Amino acid sequence: GNSVTQMEGPVTLSEEAFLTINCTYTATGYPSLFWYVQYPGEGLQLLLKATKADDKGSNKGFEATYRKETTSFHLEKGSVQVSDSAVYFCALSGSSNAGNMLTFGGGTRLMVKP
Amino acid sequence: NAGVMQNPRHLVRRRGQEARLRCSPMKGHSHVYWYRQLPEEGLKFMVYLQKENIIDESGMPKERFSAEFPKEGPSILRIQQVVRGDSAAYFCASSPSRADEQFFGPGTRLTVL
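First to last, the protein sequences are chains S and A.
Sequential numbering of the first sequence, starting at 3, is according to the working numbering.
Sequential numbering of the second sequence, starting at 434, is according to the working numbering.
FYI, nobody ran anything at the bench for these hints, they're computed from the structure.
For the chain A half of the interface with chain S, some residues (derived, Cβ under 7 Å), not all of them:
1) 474
2) 532
3) 539
Predicted model, so just to flag it, every value in this text is computed and none were measured.
Here a beta-carbon is modelled for each residue, glycine too, at the ideal position from N, C-alpha and C.
Using the sequences plus the hints, can you model the full thing?
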């Protein structure tokens, strides 16, 4: 079955530091890949996505590239801000006759200090 | 266009009581997914519904849990005879079609005393 593995947190960085959160996946077929962000007490917001190999998703300074050869979708940001503190989830969609349900990684908590 | 709405946002129940969680999808969305997030874990798929039909309930516990999405009104996730292990955040997501992006609601945080 499908699975997503992402690095455990918490990840603690100083403001303006470079961020990488690793994500690897196992899936049949050609899933779409996503990064979601969850701020305290809130639901998930889609941060970025990529639908096929070598696609790069980007949003708000965050980027991730769909690497089929390494089955990875690592999240990066060149300069983090305190406001980026949140939990980040990597996910893939397994499209089938039964729908497009998402399989999530365990989440990585990011803490950015001023 | 209002987003996905869930209510209540917080629900406290004693062991053995029933919990009813409601999800109103975005306007024009007829596909609803329910996910559960246990403390310090990722979200796990529970059930996928279209209007009046359960399409995939492979992630639902076999007992005590049920879901519906009637022709009119919100989708309901019902948990009978709750136990402490049911304490979690329950999120629903909606989409306009099977293949489209899912939009998440703010979640219902269930606490079982």
